[in-house]
Amino acid sequence: MDVLIEVNNVRKVYYIGSLLNRKPVKAVDGVSLKVEEGRTHCIVGESGSGKSTLARIMALIEEPTAGSLKVFGVDSTKYFRRGLSSDLHNFIRKNIQIVFQDPYSSLNPRKKIRDILTKPFKVHKINYNEYDLRKLLIDVGLEPPEDYLDKYPHQLSGGERQRVAIARALALLPKVIILDEPTAALDMSIKAQILDLLVKLKKQYNLTYVLISHEVPILTNICDDVTVMYYGKVVESSDCRIFKTPLHPYTIGLLNSVLIPNPESRTRSIFAIPGDPPSSTSIVSGCAFNPRCPLSSEVCVKCEPELRDVGVNHKVACHKCDQHVIGGYEEYRDSIMRMWREMM
Amino acid sequence: MRRLNSLTVCVVLTFLLGIVGLLADQVAPYDPLNTRMFRALQPPSNVNLMGTDQLGRDVFSWVVYGIRTSLLVGLSSATIAVALAVIIGLLSGYKGGIIGNVLMRVADVFLSIPRFMLIIVTVVLLSPRISNIILVIAIFSWPEAARVVRSEVLSIKEREYVMAAKALGSRDLDIMINEILPNTIPTILSLWTLIIAEAILTESALGFLGLSDFNYPSLGVMLMMAKNAIFVGGWWVLLFPSITLVILILMFNFLSDKLIERLSPRLG
Amino acid sequence: MKPLLEVRELTVAYRVKGVMKYAVKDVSFTLNEDEVLAIVGESGSGKSTIALSIVGALPENAVVVRGKILFRGIDLLKLRPNERRYINGKEISIIFQDPITHLNPLRKVRLIFKDLFEDHGVEFNIQGVLELLRKLKVPDPQRVLESYPFQLSGGMAQRVFIALALVLNPKLLIADEPTSALDLTIQAQVVRLLREVRENFRVGMIMITHDIGVATSIADRILVMYDGELVEEGSPDDVLLRPKSRYTASLVSSTKALYKGVMSWTY
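First to last, the sequence lines map onto chains F, Z and Y. Those letters in the first sequence? Residues 1 to 344, by my numbering. Those letters in the second sequence? Residues 1001 to 1268, by my numbering. Those letters in the third sequence? Residues 2001 to 2267, by my numbering.
What the hints contain is simulated information worked out from the structure, not anything from laboratory work. Among the hints, a few may not be true.
[What the hints assert, rightly or not] Below are the BS3-like pairs computed for lysine-lysine, each with C-alpha atoms no more than 27 Å apart in a straight line:
no., chain 1, residue 1, chain 2, residue 2
1, Z, K1157, F, K112
2, F, K125, Z, K1227
3, Y, K2171, Y, K2114
4, Y, K2002, Y, K2017
[Unchecked claim] Some chain Y residues well away from chain F (every beta-carbon gap over 12 Å; in silico):
no., residue
5, T2030
6, E2042
7, V2055
8, K2068
9, F2071
10, L2103
11, L2152
12, I2212
13, A2219
Heads up, the beta-carbon is just placed ideally off N, CA and C, and yes, glycines get one too.
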């Protein structure tokens, strides 16, 4: 299968503070991953993990500070420096689109839905007609389309706006759609609807998704490949088996923090990873997760773990995760949870 | 009957004042520049609705023409200033970089010197013709407006719909004009009316100091006359121009507030 | 046992451009002492309006059309501002979603506590505050007291916020969407913390949330709101397994579908 997007050791550094007192914030700190055609690649992380920044870099809205990003085999620096033929440049631009988290601010409040949807066609000088617009709206479930075309974003509900945002990304039938927390701002029942819509559209148009989210439960239904990020780095990556056999302690803790709505949850003790993630400007030595990790030892404090293979299509960045080979997976996982519960 | 809201009232009143200014020739009973010493310092009467000043000029006619001058100067200089401010603000806010910084430093220079002193000095150096006055006020009004526009642009350009436009491949000029500019309109309109108010005040101040164009009666000039007139009991020379000036300025200030209030889009 | 809070036929509307939009329609429920009640609903269901009505923080264009909110026998809706001040913070406390924006950034935490004590005419008991912070698992409470709110991490700030709400021993604690928009691990921390509060303090709680998972993890009883109406009331078991209203049933089934891949975790 083709690799559509290849991220190689990408870093992105921002500076905050005044002229004389600039502090670097390493939003993305050495991330590598591959997005394969036809698959849904989920990037999981919490705030501060760098996932949104990574999304913008992959969508070619921002340039990485270091590292390389290859899109459809073309180096992104050539794209940004306008070193490509305009055909190739436009081809790339058309084929990677992005849907943002906040349906309240991703649509220009002063534009009608019609204008928002015709924009992609206009920018790329592609002919369109009324039928195309109506089909787009029908595709995303906004029927009858006439009811929506001449409205303004504030006249639509959150779920409806998000559908418009998806329609806009879909307009030019891109190969890849990057979705940055597409359901985080939506109500429960709408989340389910939007996810169903995304699945349907993927089949219908042979799309490849990069889905960024912190909402673990929804991801389990839709992911093919998963990359887990913590504090700007990849800590684990695999395919969807990761939800059954996570190896990195953070992944294990994260999955166990989900508050499941079932009758047992009232009596079941709630697990939460103790401590807080490091603040964006703090300098961390060794593994960023070590202050909160039950397996942490000297090597974890001194040495940053490398992302390495631990199985077929499974990479982990941890010094200690080999223990699962020794005693078996269940014992490994249970002992981690036990140690955590003692820490709390 | 549709409920009267304050914006409508404001706009209507301003409009009325505008009509008065436009039709000054028809509304004013006398030629304001006409001085008849035998009618000097007459209190308000049937002949002179607002009385006359020390030089026998009809105050009412002067006020009517004064409204016209104020509006003329106000609207022209504000429009020029805002046009400049929008272009400079958009460019320096969106593109940033060296040009953006340089432009803002230039604006800072303008802002650090007392505006009114500069205006007086410039008007004195050039001749006090109406076109000069308009230009001078405009030139000294754009910096502050440009800063405001720039900061709006800075915050709007981080909004997701701008990023979405970039992701679609829109060019910078397209983004500036189609995505960012429409969202700055409430601020721009509000700034415009605010500058009008400021310009009217400045124009009257220039008139008060005797620096106005003699062919364009200024409310300030009548206030200058009032300085002496009140000592001999001519309260009408002070009262009517002052009230008019205050109404004009308040009206535009109020309009500025209401415009921002009403036009800012509801974001949900 | 007399109920702690009794809401009777509460009906609240918002005046929008001259038209009355009803946010809460004829809602009645009771809360007993030491009980945790979760009010679950989606945006626009009216759940936040109920919370605001209880603490008297409704916006200007809100109109209480009808109803009573009886707290230990007193009708909260009929309180005058100076009477209301006696209750808020001392008998009834509320915590919100984002702690940082609700704490004065220019005041040290210790002084924020001091202000609270003074506002209610109670002597400042710093030992009590330290003890409370320790109970809430705040490491190094002394240092936290001497910090400014912006220097605290998200989790720490939420604990301080909860401490502020509990320090004067209220009988009722309202948590308005305390976990929305938070990261998963922080959500878990906050819910865990609230559970501990429930176990260690004698306080009745009303938890407003749109997340059924959060509700079932902590509540004794769940109320489901839809479009301003109370459509379901029952224990978590009842609501999840035997929903009576159509809306609840569809909400539960779409939640189940969302959580399908997660349900199998049992550890």
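Now the hints, each set against the structure:
no.	hint	verdict
1	Z:K1157 <-> F:K112	holds (19 Å)
2	F:K125 <-> Z:K1227	violated (67 Å)
3	Y:K2171 <-> Y:K2114	holds (20 Å)
4	Y:K2002 <-> Y:K2017	violated (42 Å)
5	T2030	holds (20 Å)
6	E2042	violated (4 Å)
7	V2055	holds (24 Å)
8	K2068	holds (30 Å)
9	F2071	holds (26 Å)
10	L2103	holds (17 Å)
11	L2152	violated (9 Å)
12	I2212	violated (4 Å)
13	A2219	violated (7 Å)
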